[in-house]
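Q: First to last, the protein sequences are chains A and B. Residue numbers for the first sequence follow the numbering used here, beginning at 1 and rising by one. Residue numbers for the second sequence follow the numbering used here, beginning at 231 and rising by one.
To be clear, the hints were calculated from the coordinates, so they are not data collected in a lab. These figures come from a predicted structure and were not determined experimentally. Check each hint, because a few of them may be wrong.
[What the hints assert, rightly or not] Listed below are several chain A residues computed to face chain B (Cβ distance under 10 Å; list not exhaustive):
no.	residue
1	Glu78
2	Leu112
3	Pro114
4	Thr118
5	Pro123
6	Cys167
7	Leu186
8	Pro193
9	Val198
10	Glu201
11	Leu203
12	Leu207
13	Gln217
Glycine included, each C-beta is placed from N, C-alpha and C at the ideal position.
2 protein chains.
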Amino acid sequence: MTEGFQNTPQRTIAIIGGTGKEGKGLAYRWARFGHQVIIGSRQEAKAQAAASDINQLLGSKGRPVIGMSNEQAAERAEIVVLTVPYAAHRDMCEFIKPYVQGKIVIDVTVPLVPPKVTKVQMPPDGSATMEAQRILGENVQVVAAFQNISYEHLLHDEPVECDVLVCGGNKEARNVVLDLVKEAGLVGWDAGPSENAVVVEGLTSILIGLNKQFGVQSAGIRITGVPRPD
Amino acid sequence: MTEGFQNTPQRTIAIIGGTGKEGKGLAYRWARFGHQVIIGSRQEAKAQAAASDINQLLGSKGRPVIGMSNEQAAERAEIVVLTVPYAAHRDMCEFIKPYVQGKIVIDVTVPLVPPKVTKVQMPPDGSATMEAQRILGENVQVVAAFQNISYEHLLHDEPVECDVLVCGGNKEARNVVLDLVKEAGLVGWDAGPSENAVVVEGLTSILIGLNKQFGVQSAGIRITGVPRPD
Numbered sequence: 001m002t003e004g005f006q007n008t009p010q011r012t013i014a015i016i017g018g019t020g021k022e023g024k025g026l027a028y029r030w031a032r033f034g035h036q037v038i039i040g041s042r043q044e045a046k047a048q049a050a051a052s053d054i055n056q057l058l059g060s061k062g063r064p065v066i067g068m069s070n071e072q073a074a075e076r077a078e079i080v081v082l083t084v085p086y087a088a089h090r091d092m093c094e095f096i097k098p099y100v101q102g103k104i105v106i107d108v109t110v111p112l113v114p115p116k117v118t119k120v121q122m123p124p125d126g127s128a129t130m131e132a133q134r135i136l137g138e139n140v141q142v143v144a145a146f147q148n149i150s151y152e153h154l155l156h157d158e159p160v161e162c163d164v165l166v167c168g169g170n171k172e173a174r175n176v177v178l179d180l181v182k183e184a185g186l187v188g189w190d191a192g193p194s195e196n197a198v199v200v201e202g203l204t205s206i207l208i209g210l211n212k213q214f215g216v217q218s219a220g221i222r223i224t225g226v227p228r229p230d
Numbered sequence: 231m232t233e234g235f236q237n238t239p240q241r242t243i244a245i246i247g248g249t250g251k252e253g254k255g256l257a258y259r260w261a262r263f264g265h266q267v268i269i270g271s272r273q274e275a276k277a278q279a280a281a282s283d284i285n286q287l288l289g290s291k292g293r294p295v296i297g298m299s300n301e302q303a304a305e306r307a308e309i310v311v312l313t314v315p316y317a318a319h320r321d322m323c324e325f326i327k328p329y330v331q332g333k334i335v336i337d338v339t340v341p342l343v344p345p346k347v348t349k350v351q352m353p354p355d356g357s358a359t360m361e362a363q364r365i366l367g368e369n370v371q372v373v374a375a376f377q378n379i380s381y382e383h384l385l386h387d388e389p390v391e392c393d394v395l396v397c398g399g400n401k402e403a404r405n406v407v408l409d410l411v412k413e414a415g416l417v418g419w420d421a422g423p424s425e426n427a428v429v430v431e432g433l434t435s436i437l438i439g440l441n442k443q444f445g446v447q448s449a450g451i452r453i454t455g456v457p458r459p460d
């Protein structure tokens, strides 16, 4: 286990839809730090297979990841991360609602509308984050984060050249997530209230457009002109 | 005049609301490059005073800036830049409409709603850019750019540590604006269609929030992970 684990609270983090590459990348980073990560999937066997893949990558580093059904994972964890395709977002919010009351939900979803994924097209609530907050209710602190990261990079140990903008209605919840960003080896910034999530989610379409223009998978953003945390 | 001026077309650029610091900064940069910049204001005398300020700063560099009424400036120029407070945006779009048909309008406006300027609050059209495009009509190519720059930096000759995201409905118009970004000494990126302007405008609220958090005026963004133009 890393040194950081000795000094900061260990969290139990469920990653709903965690068998996708986004979820696996975050799971790897947090498990490497020492958090207890639970991969959730509709099928428990798939969650366990994904957990096993990540544990192989971890080797002796960090804390082993476990796999469960989405509802078990959401129920067990204190922080629940939503990494589902936008098409499944609304249903998954309804589904996890009873299990996440009183908790922080980190919404990583980008409301892309294929085939025009380079065009910003937000749902009626204004963003996926605002939609999740409306469905989950005021007892849940929804925080938007990690939408702009190329997940290819999370499964490697190199530094990631993309900052994380963190939005949400509650400053304490944003600070918890900013700690998790740092513990994943990334640089995060407090980007203000939930209403600002339209920018963070929409930025992904602009970065996909840049990836297409340059034939890469790595476009990101970095905040400049303020002191960078080290 | 700079070397660049010899090799690229000289443009006639009107800056509507150009007596503010945003407009003056852009005017200085483009005049220094060699473009013919016309500062526009409701009062011609104020426009001429602002032009005179900029010319003093320019010294023997570039091409002298001139001052005119907003309507004369918009009529004379081939490219019209809108740098007005959002409260004046709609009226100014209506006012310049007859003078900008067939032209490129660069909309620099950020629809901030005081006092909560750190919260993204877009107008019913979705963004100031979309509002301008609707009012000006389909014969005008509205392009969003320069919303994220701290204008303090434009009036100096140091490199600016903030990239410019350029959105608009027409790729050729975006490319013209990308050239103007470069000629202003900045790094610009094609950020896609007009619908993406909500991200570029809204990012300003996030950067204002970071400025407040860190007690600075310099927060910006930089695109990473793609080859930077030099």
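Q: Which numbered hints does this structure break?
A: 1, 2, 3, 5 and 7
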